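Full structure from sequences and hints, please.
Chain residues, written in single-letter form:
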Amino acid sequence: MTSEIVQKYFRIENLPHIWCPGCSNGVVTRALTVAIDELGLDQDNIVVVSGIGCSSRAPGYLDFNTLHTTHGRGLAFATGIKLANPKLDVILIAGDGDVSAIGGNHLIHAARRNIDITTIVFNNNIYGMTGGQYSPTTPTDAKGTTAPHGNIDKPFDIAQLATAAGATYASRTTAYHVNQMVKYFKDAITNKGFSMVEVASICPTYYGRKNKSGSGVQMMQTLKNDFIDRMAYDKLPEEKKAGKHLMGVFKNITLPEYTAEYQRVIEALQGGESNE
Amino acid sequence: MSKKTVKLMQGNEACVEAALMAGMKFFAGYPITPSTELAEISSEKLPRVGGKFIQMEDEIAGIAAAIGGSIAGLKSMTATSGPGFSLKQENIGYAAIAEIPLVIVNVMRGGPSTGLPTSPAQGDVMQAKWGTHGDHAIIALSPQSVMETFDITIKAFNLAEKYRTPVIVLTDEVVGHMREKIEIPEPGDIEIVNRTVPGPGEDYLPYRLEAGDIVPKMAPFGAGYRYHITGLFHDETGFPSNSTENADIMLKRMISKIEDNRDDIVMFDEFMMEDAEYAIISYGSTARTVRNAIKTLREQGMKVGLFRPITIWPSAEKEIREVGRKVKKIIVAEMNMGQYVQEVERIVKSDAEVFHLGRANGEVLMPSEVVQKAKEVF
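Same order as they appear, the protein sequences are chains Z and D.
Taking the working numbering, the leading residue of the first sequence gets 64, the next gets one more, and so forth.
Taking the working numbering, the leading residue of the second sequence gets 3, the next gets one more, and so forth.
Any given hint could be a false lead.
[Claimed, not checked] So the derived list for chain Z, only partly shown, Cβ under 7 angstroms to chain D, looks like this: (1) Asp126; (2) Leu130; (3) Phe140; (4) Ala210.
[Said to hold, decoys possible] A short list of chain Z residues far from chain D (calculated; beta carbon distances all over 10 angstroms): (5) Gly89; (6) Pro202; (7) Gln284.
The hints are simulated quantities; they were obtained by calculation from the structure and are not laboratory data.
Given the structure is predicted, the values throughout are model-derived calculations rather than measurements.
Where a beta carbon is used, it is the ideal one built from N, C-alpha and C, also for glycine.
Following this line, the structure appears as structure tokens:
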């Protein structure tokens with residue numbers, strides 16, 4: 064039996080999904096619908112945009128206004144939609160390669176504008192759709208099909224990247240920490256400005272096999288064990304900090320939002336005209 | 003008599019004036035000469051009419067945001083020149099397959115690459131047709147004057163809305179920057195076409211073609227229809243489909259909606275063609291050079307006429323074929339090393355001998371060169 068959440072927010076007729084056994088994309092996608100449900104948002108008013116990649120196929124399964132665009136460009140399309148109709152709740156779903164490699168420019172500029180779009184990054188540290196090539200978030204020394212001798216690149220910290228670029232909300236959680244994920248999604252959607260939730264995810268098929276990370280269940284365990292709240296991390300003794308990854312809220316502030324600022328320009332001009 | 007406002011105006015300026023009269027409410031772009039006036043004037047005027055302008059971080063984002071604006075229900079435009087036109091190509095294909103109305107202005111300059119900024123050229127004619135990957139049909143219009151820039155920009159929006167397709171306004175540096183007198187009609191005297199939208203409560207399939215329609219109806223996002231748009235091949239539901247049978251049906255519909263409506267889309271102009279024994283085919287600003295040369299050649303007794311495609315794509319196939327049957331020889335004059343001449347050769351086949359007069363060094367063709375070429379080959 065499908066749950067009420069799935070019945071209400073998923074396009075059941077399009078299931079089963081294309082994702083591999085053990086993939087965490089389903090967990091993250093479902094958590095998004097739980098957050099939307101708990102916020103009581105109008106389904107007709109929600110636009111979910113994506114680029115290209117495994118996670119970018121999620122909008123096709125979701126019963127909202129959904130837009131599957133070109134590789135990396137989801138945020139640019141989303142910017143057009145949000146500016147054209149600021150009443151819409153616009154959410155972007157993106158993978159690490161999509162949003163931080165080919166779409167990196169759009170990410171930093173959407174964050175800089177503080178346009179009210181919620182970006183959810185399914186960060187599985189690999190290009191899954193194309194067969195396991197290293198991405199901008201693949202750890203140094205990890206293997207990918209284009210890093211057979213070990214990755215010499217240094218990885219991006221996507222949540223911090225968004226923070227530095229001007230996002231007014233940025234947080235990181237994992238596919239294991241579902242309750243926290245739902246809370247972060249709600250906070251991100253509620254924030255009037257550019258919001259980013261990076262969800263550390265797993266790709267057992269490509270990342271896992273190449274790097275001997277074990278099964279999907281084992282990779283979930285690793286998420287549970289390796290990620291620690293940034294506040295708790297600061298209190299850890301130095302010897303226990305090695306190998307830990309930070310999660311938690313990196314930024315949560317209020318600044319003028321882009322479409323609201325544009326509306327002010329319109330109103331000032333149109334108000335000026337009516338006084339003539 | 004309908005009233006017209008007479009103004010002195012640049013081609014790029016006329017383009018924005020027309021876009022606003024056609025109902026443009028959204029512009030997204032990136033600065034590039036010689037198209038920048040389009041962005042500048044749009045940024046000044048759009049918010050005054052409640053429209054939106056945004057300068058994006060790059061050319062790709064410019065067209066992507068414009069497509070987004072159109073999906074949200076606003077008539078949208080982006081503008082660029084050579085290098086930016088190359089960058090926009092992938093998303094032109096997206097707008098084609100997803101059937102999103104959009105106007106893309108390309109004020110052509112010399113290329114390839116950064117090329118000759120910002121001397122005039124007509125080197126993007128084939129790129130306008132085949133720049134994006136994959137099979138598709140496209141509409142591209144090329145004006146020769148400021149007045150015509152105004153007229154075809156209105157037409158471009160109307161065609162984009164009517165056929166749910168990206169339409170390219172292929173102007174050039176000469177037309178874009180030249181100042182001429184234009185007569186702006188009253189808003190009520192202009193035909194404006196809007197996309198057809200589904201009625202309230204209608205059982206809506208986003209890519210289902212209803213009887214009597216040319217294209218499927220297009221609901222703006224947020225209007226209560228909750229549907230899916232993708233750059234993947236999709237069926238009537240809008241969801242991806244790997245069916246080869248479906249891909250065939252969809253691709254043929256996407257192409258035939260434009261190819262089968264050439265009579266509605268194709269615009270052209272003729273000058274002294276009635277008794278012509280020779281023809282010169284030329285478009286955009288180059289056609290003005292040719293027109294001048296034809297007067298000289300006529301004075302010297304040569305029966306030569308001008309055929310000027312205004313719609314570049316789809317080409318005026320029927321009319322160009324007729325030109326080929328009527329005359330002995332044709333010169334295709336254009337500011338490139340031989341692009342539209344290939345289309346003319348394809349159409350006229352052996353009916354007439356086809357010659358090319360072109361240059362892509364940043365200088366416009368001079369009437370004397372056209373006269374000389376005509377004397378040489380006719």
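Which numbered hints fail: 4
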